[in-house]
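Asker: Protein chains in written order, with my numbering: chain A, 1 to 287; chain B, 1 to 278.
In short, the hints are calculated from the structure, not lab data. There is no bait here: all hints are sound.
Calculated pairs, EDC-like style, for lysine to aspartate or glutamate (alpha carbon to alpha carbon, straight line, at most 20 Å):
id: 1; chain 1: A; residue 1: 179; chain 2: B; residue 2: 75
id: 2; chain 1: A; residue 1: 179; chain 2: B; residue 2: 105
id: 3; chain 1: A; residue 1: 179; chain 2: B; residue 2: 185
id: 4; chain 1: B; residue 1: 76; chain 2: A; residue 2: 183
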Amino acid sequence: MPDTIVTGTEAREAERKPPASGIRPVGRARRNARRYFRSRVSGWTLVALVVVLWELYSNVDYDPTISSPSRIAETWWGEATTGDLLNQLTITLRTMAEALALAVPLGVGIGFLMGRSQVIWGLLEPLVEILRLTPATAILPIYILFLGLGDQMKVAVFLTGGIFPMIINSYAGARGVSKILSETAQTFRLSWLQTQREIALPFAMPYILVGMRQSLGMSLVLAVVIGMLAGNDGIGYYLMFAQQNFNLRQLLAGVLTVAFVGYVFNAVFLLLERRVTRWRRSQTGAA
Amino acid sequence: MTSTTEAQAAALTGGVHQEIITVEGAGKDYLALDGNVVRGLSPVDLTIERGAFVSLVGRSGCGKSTFLRLVAGLEKPTSGTIRIGTERVDGPPDSARYVFQNYNESLLPWRTVGDNIRFGLRHGHGAARASSKAQENELIQEHLEEVGLGGTFNRYPGELSGGMQQRVAIARALAALPELLLLDEPFSAVDALSRSTLQDLILRIWQEHGLTVLFVTHDIEEALYLSQRVIVLREKGGGVERDVTVDIPYPRRQVDFREDPRYLRLRREVLGLVLGTE
Numbered sequence: 001m002p003d004t005i006v007t008g009t010e011a012r013e014a015e016r017k018p019p020a021s022g023i024r025p026v027g028r029a030r031r032n033a034r035r036y037f038r039s040r041v042s043g044w045t046l047v048a049l050v051v052v053l054w055e056l057y058s059n060v061d062y063d064p065t066i067s068s069p070s071r072i073a074e075t076w077w078g079e080a081t082t083g084d085l086l087n088q089l090t091i092t093l094r095t096m097a098e099a100l101a102l103a104v105p106l107g108v109g110i111g112f113l114m115g116r117s118q119v120i121w122g123l124l125e126p127l128v129e130i131l132r133l134t135p136a137t138a139i140l141p142i143y144i145l146f147l148g149l150g151d152q153m154k155v156a157v158f159l160t161g162g163i164f165p166m167i168i169n170s171y172a173g174a175r176g177v178s179k180i181l182s183e184t185a186q187t188f189r190l191s192w193l194q195t196q197r198e199i200a201l202p203f204a205m206p207y208i209l210v211g212m213r214q215s216l217g218m219s220l221v222l223a224v225v226i227g228m229l230a231g232n233d234g235i236g237y238y239l240m241f242a243q244q245n246f247n248l249r250q251l252l253a254g255v256l257t258v259a260f261v262g263y264v265f266n267a268v269f270l271l272l273e274r275r276v277t278r279w280r281r282s283q284t285g286a287a
Numbered sequence: 001m002t003s004t005t006e007a008q009a010a011a012l013t014g015g016v017h018q019e020i021i022t023v024e025g026a027g028k029d030y031l032a033l034d035g036n037v038v039r040g041l042s043p044v045d046l047t048i049e050r051g052a053f054v055s056l057v058g059r060s061g062c063g064k065s066t067f068l069r070l071v072a073g074l075e076k077p078t079s080g081t082i083r084i085g086t087e088r089v090d091g092p093p094d095s096a097r098y099v100f101q102n103y104n105e106s107l108l109p110w111r112t113v114g115d116n117i118r119f120g121l122r123h124g125h126g127a128a129r130a131s132s133k134a135q136e137n138e139l140i141q142e143h144l145e146e147v148g149l150g151g152t153f154n155r156y157p158g159e160l161s162g163g164m165q166q167r168v169a170i171a172r173a174l175a176a177l178p179e180l181l182l183l184d185e186p187f188s189a190v191d192a193l194s195r196s197t198l199q200d201l202i203l204r205i206w207q208e209h210g211l212t213v214l215f216v217t218h219d220i221e222e223a224l225y226l227s228q229r230v231i232v233l234r235e236k237g238g239g240v241e242r243d244v245t246v247d248i249p250y251p252r253r254q255v256d257f258r259e260d261p262r263y264l265r266l267r268r269e270v271l272g273l274v275l276g277t278e
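Chain B extracted, bound-state conformation:
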């Protein structure tokens, strides 16, 4: 645990440069139905340090989700390369897990909550920790308790609220023991109060597990509250507009943070960039 906190501190201060994601000229063009080529994302160059919490923001269609899907290996770039560690991304990488915006379509509705976590455990590095079914159940229970869902082992996802379902999806991703967590607007379909709780949950998980988190959102305040770095993308797939460092220490508190002058200044800057008024 100490080493991970050190890594995160290093990532924050820029002391050690150990990249987990290296993007070199990676871009994506789509072929539209009318036969025209549409720019999904202009070639991007950037690196993300191990242990960092980085958000991508921008208007709809700016290519932020496209970028995340390229990193996740769900789509292939039409130019450039992406590497995770030293390995070039060609299909979903072993060390990353992806959390979808549509949790209700991503969970397996025919499996109980516990068996959904079992799915994550077995299709990842989590299963190796259990030598018996009882031990596996114990691990599953621990994963559920970590996201505050201790009593839902035998419920079905359809019986839970939206916020609870997204917690299951996060716990399932964590059960695979990834190094890199990719989240695509994970809280946008959740009510505002649950969203605050989930934001604090993801921060706690990031710190306790020593993860690297890449977080896509259209909510600038959310991006600033969570991240060490906010990457602003230009509209219509125009590539990186600005790479903003959020130099405000953790732990951050929902109410206090939003009154912090440094936050207010950053919010003004990022909002201006996204709206195109700066």
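So here's chain A without its partners, still in its complex pose:
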């Protein structure tokens, strides 16, 4: 009997044991990453094609206002190695990380509890709705006035702008627990805390992850905007500086860097979502 019992992890390990050929076992993360890119081969081919055509065109008829991929790459390498690009990017990412470390538990916590408790919903709904519909950029001058131009101000802007997708989605997930699932918890006599931990939170998890991904995207937008408006450091400041000096290649190198960072964040998050909500594939039939 005991040898027929395997834990979930062991079974999954066993499933991906390679066949007796010489194929090396691949880690789950790497295999997922590989599948992620393989499923998007056509899209990446399209991107590559645009770059190649752009490059070919610039060789035939060079237009300095749109430059060329090779020149931008050259500038990017220079900016990344000897220039200020990576320093400013690091400053921005650090502020983002600080803000998210606060925003994730706060946003998920508030949204989840609003979805699970009528009292908390009644208490927080007006405040959340008022703040949610006020653009963070409109509050920015107030923050600068009271908090100055330092990290405190930036974290505050991230919080007011980036926290809402997490609140809204966590709330929707927590509210979505069906009557039957709640009654299942009741008939097995789960306490309030057990119900949240074992029923509501896992049920809401896919929603929470969607909220976190949206917040991450919004945070990147805010990071650039704050740098531009506050104008002291960060990747937004770097872009404004390049623009004011009419340094087009530097500007494009900066923009492409931000785009790349955004894409990587999103990709990493999608892989994480896929991992955490593996069970959902058996339900939705989505690949």
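Starting from the known structure of chain A, arrange chain B on it as the hints suggest.
Answerer: Structure of chain B alone, referenced to chain A:
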């Protein structure tokens, strides 16, 4: 095991009257959206003996599910009381477990089948039997094998057929080691062949575990095949119409039973009551 068979035999013959469920004037009125009071179930008086297999039948809206939900403590009666053993029902009782019609909404889809059983084990009296995780896994495996799902420990519920999912739900309820199993139209969403297999499964479980089973169904043939007693409810929450004893011994066989003249006579009687032609 011998004591439970004795208890069941006693319940069948009426030799020993040890009630597990005592219902005294329990009824339920609902407030409809238009503000009117709607009768869910007229006050009911009845007792159910320990170890009995009792079914409730009637038309849609007769209050059979309402009655089961009152016993399960999922709803409070607007009049009267229900006791399980000596304790008055006020919230889901410790000794009962409920199996829902909608198994696909009642199982935890993010947990594997094995971990769903673990849920039942830990939220009941089952966990006390295991002192280590390995031992717990062994118990889970036994519960799965009992319902014929030995190889599904690491599958997710969404990967299984409807009949198999309902087996998981039954195994999960049993893992909590209840005395009373409450089933609300558990097989109505399952195809006909799987239903026959599941009926025999629930009979086997009832006998082997010495359970008391309260079974709600709209399928009169199913009710007669399974039960010692079939309680027919009047339509529109009108209360108990008749309490029919099915005095046909177990083991019953699907095909033979349906040709038994006693069954045919009972079916005619109950069908007439439900359709209102008798």
